[in-house]
Amino acid sequence: MKVKMLSRNPDNYVRETKLDIQRVPRNYDPTLHPFEVPREYVRALNATKLERVFAKPFLASLDGHRDGVNCLAKHPKSLATVLSGACDGEVKIWNLTKRKCIRTIQAHEGFVRGICTRFCGTSFFTVGDDKTVKQWKMDGPGCGEEEEPLYTVLGKTVYTGIDHHWKDPAFATCGQQVDIWDEQRTSPVCSMNWGFDSISSVKFNPIETYLLGSCASDRNIVLYDMRQATPLKKVILDMRTNTICWNPMEAFNFTAANEDYNLYTFDMRALDTPVMVHLDHVSAVLDVDYSPTGKEFVSASFDKSIRIFPVDKSRSREVYHTRRMQHVICVKWTSDSKYILCGSDEMNIRLWKANASEKLGVLTSRERAANDYNQKLKEKFQYHPHVKRIARHRHLPKSIYSQIQEQRVMKEARRRKEMNRRKHSKPGSVPVVSERKKHVVAVVK
Amino acid sequence: MKSRGLPEVSSQALGRLKGVLHVDRRSVVGMETAPKPGRGDPPKKDKPQAKRKKPRRYWEEEPTPSAAGASPGPPRKKARTGEPRPPRSQSARIAQKPRFSKKPPIPKNASDWKKPQRTLSGAQDPFPGPVPAPLEVARKFCRIDKSKKLPHSKPKTQSQLEKAEAQEEEASVRAARAELLLAEEPGFLVGEDGEDTAKILQTDIVEAVDISSAAKHFDLNLRQFGPYRLNYSRTGRHLALGGRRGHVAALDWVTKKLMCEINVTEAVRDIHFLHSEALLAVAQNRWLYIYDNQGIELHCIRRCDRVTRLEFLPFHFLLATASETGFLTYLDVSVGKIVTALNARAGRLNVMAQNPYNAVIHLGHSNGTVSLWSPAMKEPLAKILCHRGGVRAVGVDSTGTYMATSGLDHQLKIFDLRGTFQPLSSRTLPQGAGHLAFSQRGLLVAGMGDVVNIWAGQGKGSPPSLEQPYLTHRLSGNVHGLQFCPFEDVLGVGHSGGITSMLVPGAAEPNFDGLESNPYRSRKQRQEWEVKALLEKVPAELICLDPRALAEVDVTTLEQQKKERIERLGYDPDAKAAFQPKAKQKGRSSTASLVKRKKKVMDQEHRDKVRQSLEQQQKKKQDKAKPGAHPSALDRFVR
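So the protein sequences, as listed, match chains P and B.
Position one of the first sequence corresponds to residue 1 (my numbering), numbered consecutively onward.
Position one of the second sequence corresponds to residue 1 (my numbering), numbered consecutively onward.
Just so you know, the hints here were simulated from the structure itself, not pulled from any lab data.
Being a predicted model, the structure only gives us computed values, none of them experimental.
The beta-carbon is built from N, C-alpha and C at its ideal position, and this holds for glycine as well.
Be careful, since some hints might not be right.
Stated by the list, open to error - Here are the simulated DSSO-like pairs of lysine-lysine, each with C-alpha atoms no more than 27 angstroms apart in a straight line: (1) P:Lys376 - B:Lys600; (2) P:Lys378 - P:Lys295; (3) B:Lys537 - P:Lys380; (4) B:Lys599 - P:Lys426; (5) B:Lys582 - P:Lys438; (6) P:Lys445 - P:Lys56; (7) P:Lys426 - B:Lys563; (8) P:Lys380 - B:Lys598; (9) P:Lys167 - P:Lys295; (10) P:Lys338 - P:Lys313; (11) B:Lys563 - P:Lys445.
What the hints assert, rightly or not - Okay, the calculated beta carbon distance ranges per label pair: (12) P:Gly361 - B:Leu534: 28 to 38 angstroms; (13) B:Asp572 - P:Arg408: 43 to 53 angstroms; (14) B:Lys337 - P:Arg408: 32 to 42 angstroms; (15) P:Phe54 - B:Asn478: 58 to 68 angstroms; (16) P:Lys313 - B:Ile144: 23 to 33 angstroms; (17) B:Glu185 - P:Glu36: 22 to 32 angstroms; (18) B:Arg418 - P:Val24: 30 to 40 angstroms; (19) B:Gly336 - P:Arg436: 55 to 65 angstroms.
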């Protein structure tokens, strides 16, 4: 007879002293872990509920401006420095860690239409309604000096936007045409236009740095190449585009903020169909900015809210609003992809978290592991009805909510009318136009 | 003859070696050679010298030109060169002999030369890549059935599913690789040649094992308060026993430390621990009572009256009670509410078992059927006709694969629970088994009168073999309760004479998971575990036959949503558009040409369909041909 009993030494399973950590032997046999999927489902539900409980995105309000905030700019080297321009010509430089204004400049008479920083961060440029382009030093004036611009250019027309090249000492302004300027000259190096148009925004591509995109009042989006001083391509939409923004990771993609409540992501190689139509806003979209990761962007709207969209999805994942925030005119995503800044009509700049329930500060390794596990659980069970309902639930102001209902009714009425028209016509005579192709009128080369 | 020849050869070789040495000395000292008289010997030796000198010439040719060049001082240089010559020649000869004599070893030498070169350069690793995980072990951890495919899903969904499957496979490989770290080995009992393990007595096992294991076998003689029911806690350290005449006790059975002992002055029908050893449920004559581990009565639940059997579902925090009135009641012990009360409509409920895999309650009835119940359904999930007489005992193994039943017809049957509920094996017992239980590793125990029989399977995943018992034990009273202790090779038997703790080698899972059930957990760890268990309490609505249904894609709802979408939109957005030929230039897009091209595409599609249908017909014919071969008269000779 050969016999062996199961006999464990307790010293192998109990810690020696109270100063040691407890020993936890692991066995991944599925028999020892029954109900894996239901327990994971309950954990996913708990993680989703805790995410909604800890969603506190609003961090700070930067007060100080005496008129609506019209434009924002980030410092390319310093995460804590932000510049803002107001409708009364005032430019303020803010420190985000202290949440204070560290400098105030009366830059223009009338609107500050655009503000941008040089790629090295030593100076910034402003344009305004007084037909001037001014260059300012990023650091303050010395002791006893007065606030004076480094450089002033007197133009002949009103300028509506400005953007600086990402590598070369050149910048572009827009107004009645797109002008390319050298920093050392008082007249533009070249001017580009396509017909007679009033151009409202111009943006340099951060990767293909010689490409510019601009949007005009005549429903156009025009792409330019700086090297050959000619327009490349033009796409005409249903309504006016307010501003565009290039994807910092994918060189050929950009997103246009349109007046018809939608945003359109285009591939500049194929402008006849947008890659994605983002349609959650209920009023005109005024500004858009990409996350440094290139996977998400944030949009500012006239409906007094900002929304965060994934690049490849049609619906937003987040909506931020407060009771006192009026029409949001400009928005920026910080370079560490953690915060969002928005400037609105009632003279405030608001600081938000990019992920509403994210814990700020340093996470311990256990916290990080638990957070990663919760993210994976939410991703795995995201299509279950209970998890989906809790994850997608957002409180909305009554004006936005009623506007959403109203637009849903109108959209349903249009769909029903089109369906009836197709039903009562000869088969094939009323074509089915996909949602993406509806909004592009023409592409001109 | 041959044996004699070998030493001759060796002696000849030795002689040759000596001769060679002599020759060297003679050549060095020319004077001594003249006085030696043996002139006849030198010519014989000269011949082998000449033969051996041939390879020497390659060595001698090199120094000779230098010697010729150095003609002015020949004697001194020659003397100097003469000294190192003997070791070189010796080494050369030693090396040469194995070459000539052993031709086959030469490639081995070559291979030996190559290996150090590779190791020195480090170019080739003999074990490249990670350690391969054994496939059969990885299959144990695999949870995804790759044969299932989603019907007509989009490429994005397909890629997401493939990515998830790859991650799942990677996880199973890692878990299989972690099997190496399991330290404990399961117990076993093997008889010697011809020895029957069923005849081995407990006293023999106790004498053969170590002291700490021998201490796990004990008998509690408690004859005064009647037959005993017993229950082990989930970690296996605590034992609760309830006597028929009101004796209730809880103790740490390893250290024999008594936690509490009371007499409830009422008949006790069943006893069960709740989620930890701090709470105890006792089914008394009229109502259900909850006690703590100090014996203090906490609750008296009057809605559960005349309870006969108790089962606790640990992940759902549900206490299931079967009563004489025919009701199966689920009590949520975390919030103190009765979730549901199901009427089984089968008279008195006296036979009850829990499937640990999916938390379904198995009830045995007097008409020979076993019904499966879930709190979310008013009707049984399944009904299985098991016996011609009434069912006396039901047991389900820990993986939820096999169910054992015994009935009044003296049959012991094992059923397959994986969807078909078919009987796998059966056996007639001399006495019907009144109690059945499975161990963690698949051993089946049956209590019949005052005898306990244990059957074992071939391995962990196989059903127990009912031909030959594995162990047998005779008790001092009739069996009233049976349970295997978790994580210990111990079987607890409650009988009319008290409690017996039996040693059953190989019954328990040797490696526990410290995050699930830890027999050595401290009080702090128990508190933490309790909080997490309550946070992850599974709702009662999720109890169904397949607990993994939540991880599957809901294809039915998907189809329904698709139909609703088509109805709402008026057309199918996923349908493939009709072929529209591209307009060609230079007069090649006439109406006839367009119609011809459309027709060509339609004919091609039609041809593909015809080919597919033909293939299906051929498969059917092949299937038909196979049974047709059976009645052939020549099959007798093939056998």
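Taking the hints in turn, this is what the structure says about them:
1. Among the hinted pairs, Lys376 (chain P) with Lys600 (chain B) is inconsistent with the structure: their alpha-carbon atoms are about 50 angstroms apart, more than 27 angstroms.
2. The suggested pairing of Lys378 (chain P) with Lys295 (chain P) holds, with an alpha-carbon distance near 19 angstroms, which does not exceed 27 angstroms.
3. With a C-alpha separation of about 19 angstroms, the suggested pairing of Lys537 (chain B) with Lys380 (chain P) holds against the 27 angstroms cut-off.
4. Proposed proximity of Lys599 (chain B) and Lys426 (chain P) is supported: the alpha carbons are some 23 angstroms apart, at most 27 angstroms.
5. Pair hint Lys582 (chain B) plus Lys438 (chain P) holds up; C-alpha atoms about 23 angstroms apart against a cutoff of 27 angstroms.
6. With a C-alpha separation of about 47 angstroms, the suggested pair Lys445 (chain P) and Lys56 (chain P) falls outside the 27 angstroms cut-off, and the hint is violated.
7. Straight-line distance between C-alpha atoms of Lys426 (chain P) and Lys563 (chain B) comes to about 24 angstroms, which keeps the hinted pair within the 27 angstroms bound.
8. Between Lys380 (chain P) and Lys598 (chain B) the CA atoms are separated by roughly 45 angstroms; this puts the pair beyond 27 angstroms, and the hint is violated.
9. Using a Cα cut-off of 27 angstroms, the hinted pair Lys167 (chain P) and Lys295 (chain P) holds, with the two alpha carbons roughly 23 angstroms apart.
10. With a C-alpha separation of about 20 angstroms, the suggested pairing of Lys338 (chain P) with Lys313 (chain P) holds against the 27 angstroms cut-off.
11. Restraint check for Lys563 (chain B) and Lys445 (chain P): the C-alpha separation of about 42 angstroms exceeds 27 angstroms, so the hint is violated.
12. The given range of 28 to 38 angstroms is respected by Gly361 (chain P) and Leu534 (chain B), whose C-beta atoms sit roughly 29 angstroms from each other.
13. Restraint check, Asp572 (chain B) to Arg408 (chain P): a C-beta distance of roughly 23 angstroms breaks the suggested window 43 to 53 angstroms.
14. For Lys337 (chain B) and Arg408 (chain P), the hinted distance range of 32 to 42 angstroms is satisfied, since their beta carbons lie about 40 angstroms from each other.
15. For the pair Phe54 (chain P) and Asn478 (chain B), the beta carbons lie near 60 angstroms from each other, so the given range of 58 to 68 angstroms is met.
16. Range check, Lys313 (chain P) to Ile144 (chain B): about 26 angstroms between beta-carbon atoms, so the 23 to 33 angstroms window is met.
17. Take Glu185 (chain B) and Glu36 (chain P): their Cβ atoms lie about 26 angstroms apart, and the range 22 to 32 angstroms holds.
18. Against the hinted window of 30 to 40 angstroms, the Cβ-Cβ separation of Arg418 (chain B) and Val24 (chain P) comes to about 33 angstroms, which satisfies the hint.
19. For Gly336 (chain B) paired with Arg436 (chain P), a C-beta distance near 56 angstroms keeps the hint of 55 to 65 angstroms intact.
Hints 1, 6, 8, 11 and 13, counting from the list given before, are not met by this structure.
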